[in-house]
Amino acid sequence: MYAPDFAYYRADSVAEIGRLLRKHPGAKLLAGGHSLIPLLKLRLAAPPALIDIGRIGELKGISVADGRLRIGALTTHAQIAASSEVAAHAPALAAAAGVIGDPAVRNRGTIGGNVAHADPASDLPTVLLALGASFAVATDDGERAIPAGGFFQDMMTTALGEHDIVTAVDVPTAPEGQGQAYEKFSHPASRYAVIGAAAAVGLTGGKVGRVVVTLGGLVPAAIRAGSVEQALSGQAPSADAIADAAAAVSNDLGPDLIGDIYASAEYRRAMAPVCVKRALTAALKRASSVAEAPAARSPWWKPSWL
Amino acid sequence: MTVPVSITVNGQRYDREVEPRLLLVHFLREVIGSTGTKVGCDTSQCGACTVLLDGISLKSCTALAVQADGAEVTTIEGLAAGEALHPLQDAFWEKHGLQCGFCTPGMIMASHELLRVTPDPSDAQIRHGLEGNLCRCTGYQNIVRAVRQAAGTTAGQR
Ligand SMILES: Cc1cc2nc3c(=O)[nH]c(=O)nc-3n(C[C@H](O)[C@H](O)[C@H](O)COP(=O)(O)OP(=O)(O)OC[C@H]3O[C@@H](n4cnc5c(N)ncnc54)[C@H](O)[C@@H]3O)c2cc1C
Ligand code: FES
Ligand code: FES
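Sequence lines, in order, name chains Z and G.
According to our numbering, the first sequence is numbered sequentially starting from -13.
According to our numbering, the second sequence is numbered sequentially starting from 2.
It should be emphasised that the hints constitute simulated quantities derived from the structure, not laboratory data.
Don't be surprised by glycine CBs; every beta carbon is placed ideally from N, CA and C.
Take these hints with a grain of salt, some might be off.
Stated by the list, open to error - With a straight-line cut-off of 25 Å between C-alpha atoms, the simulated SDA-like cross-links for lysine to any residue are: (1) Z:14 with G:71; (2) Z:27 with G:22; (3) Z:27 with G:44; (4) Z:27 with G:83; (5) Z:46 with Z:30; (6) Z:9 with Z:193; (7) Z:14 with G:27; (8) Z:14 with Z:-12; (9) Z:27 with G:128; (10) Z:14 with G:11; (11) Z:27 with G:154; (12) Z:9 with G:3; (13) Z:27 with G:135; (14) Z:14 with G:3; (15) Z:46 with G:121; (16) Z:14 with G:23; (17) Z:27 with G:30; (18) Z:271 with Z:240; (19) Z:14 with G:54; (20) Z:46 with Z:-12; (21) Z:9 with G:70; (22) Z:27 with G:34.
What the hints assert, rightly or not - Where chain G lies over chain Z, by a calculated footprint (3+ residues, C-beta under 8 Å): (23) -12 to -6; (24) 17 to 26; (25) 80 to 89; (26) 166 to 180.
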């Protein structure tokens, strides 16, 4: 398959991307190309020009400071999955990055391209929404930060304006004792998410404290599962309480679930509570193990759901 | 519009003028005539087109030649040292890790990547490491055996 013809420019800095975008109306940024090139080959997009941003050093890398992880937009999924900083401070993000596509896809795809593309079957929007991430964006007249909650608006639609460039993703470091997990049902060939569920949970005095659950894959854009969060909050984290809360996900799913030849909307609706239950169970296991540590005097205590 | 690129493939440098839309796999197969790398699905899923870009695996049907400008590409043709097969090639031969052979160039390059990252993989790690590569003949068992045999040699480093 051949992409339609386009002009090609390469930017060496963020400032140059801005200049090139203003000079070539309708141009698209090319990062890892693992969403854009397939679209071009299928002729679902035909931009007049591509601006290759893939070599810009200032957009690469991971750092931790002031209670947040800063991940440059061009950092690849493989680098995120292998990072000890991400594993320590945002374990659900490391887990999600590690189950994207396959190794060759993870070697090329970038976090900035993933969120800017906002494919409903992507993994990162779901997990970044759960972790309260925000996106650093360079605009025509400066910089702004867009919280994940307002960023993913609809299928492949974000809050980014025409000349906006995602420069970095900021993720708050996990609070002490919080457990995080990401669960996914993968498409068997592409490995894209048929359903993705992320959970971040804290325990206070043996009861579920702050809990965030998000969903992707089956909805046009990643959403919070408010009914699940409400059902679990304040409960002792028993297997029954988790299952009941997960079942409440049906209230969070609107009428417009995605369905395709591989997985119908009905199938996804039926499987959503299963995916949510797994994410919550895994997150709560990790939450307890951290919260347990100070209580070294009672080593025999085991959470009731084990 | 054409763009000048300089791409080193298996140690040899090629300077060419290409259309920006030219895929890396077509640069390899059609521009420089290196046809070891295959096109299977052309939709980024089968891995038949897997090559190494600066030592790291990539599906060459999902990259533009201009993205490889200035880089080094290694294809299946670049693995053997003269007459001496690469340990992965030896292992695929000995363990019957191929039948028609169409997936094999990509399978071996993906195995190379797997052993670079995980020099001594478990069977489960081998299967996960090759999940981006599809084979319609072997049923995968002998591919896993071949990779297991090659592991422990220096297969991922050469
Ligand atoms: C076979 C296959 C399987 C995949 N499986 C999964 C999966 O399981 N889960 C998953 O989440 N994803 C999956 N992907 C998608 C993959 O993660 C992509 O790499 C990612 O979605 C896009 O990142 P990219 O760097 O390749 O972006 P590109 O394709 O280069 O760009 C995508 C879009 O984002 C824009 N863009 C890129 N960077 C920026 C930026 N810094 N600022 C503003 N706009 C920008 C581009 O203009 C373009 O519109 C898969 C892809 C393939 C080919
Ligand atoms: S031909 Fe490139 S992945 Fe199938
Ligand atoms: S050997 Fe025939 S496709 Fe793998």
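Status of the hints after comparison with the structure:
{"no.": "1", "hint": "Z:14 with G:71", "in the structure": "holds (22 Å)"}
{"no.": "2", "hint": "Z:27 with G:22", "in the structure": "holds (9 Å)"}
{"no.": "3", "hint": "Z:27 with G:44", "in the structure": "holds (8 Å)"}
{"no.": "4", "hint": "Z:27 with G:83", "in the structure": "violated (37 Å)"}
{"no.": "5", "hint": "Z:46 with Z:30", "in the structure": "violated (29 Å)"}
{"no.": "6", "hint": "Z:9 with Z:193", "in the structure": "violated (56 Å)"}
{"no.": "7", "hint": "Z:14 with G:27", "in the structure": "holds (23 Å)"}
{"no.": "8", "hint": "Z:14 with Z:-12", "in the structure": "holds (17 Å)"}
{"no.": "9", "hint": "Z:27 with G:128", "in the structure": "violated (29 Å)"}
{"no.": "10", "hint": "Z:14 with G:11", "in the structure": "violated (32 Å)"}
{"no.": "11", "hint": "Z:27 with G:154", "in the structure": "violated (39 Å)"}
{"no.": "12", "hint": "Z:9 with G:3", "in the structure": "holds (19 Å)"}
{"no.": "13", "hint": "Z:27 with G:135", "in the structure": "holds (21 Å)"}
{"no.": "14", "hint": "Z:14 with G:3", "in the structure": "holds (18 Å)"}
{"no.": "15", "hint": "Z:46 with G:121", "in the structure": "violated (29 Å)"}
{"no.": "16", "hint": "Z:14 with G:23", "in the structure": "holds (17 Å)"}
{"no.": "17", "hint": "Z:27 with G:30", "in the structure": "holds (18 Å)"}
{"no.": "18", "hint": "Z:271 with Z:240", "in the structure": "violated (30 Å)"}
{"no.": "19", "hint": "Z:14 with G:54", "in the structure": "holds (23 Å)"}
{"no.": "20", "hint": "Z:46 with Z:-12", "in the structure": "violated (30 Å)"}
{"no.": "21", "hint": "Z:9 with G:70", "in the structure": "holds (24 Å)"}
{"no.": "22", "hint": "Z:27 with G:34", "in the structure": "holds (22 Å)"}
{"no.": "23", "hint": "-12 to -6", "in the structure": "holds (count 7)"}
{"no.": "24", "hint": "17 to 26", "in the structure": "holds (count 5)"}
{"no.": "25", "hint": "80 to 89", "in the structure": "holds (count 3)"}
{"no.": "26", "hint": "166 to 180", "in the structure": "holds (count 3)"}
Hint check: violations occur at hints 4, 5, 6, 9, 10, 11, 15, 18, 20; the rest are consistent with the structure.
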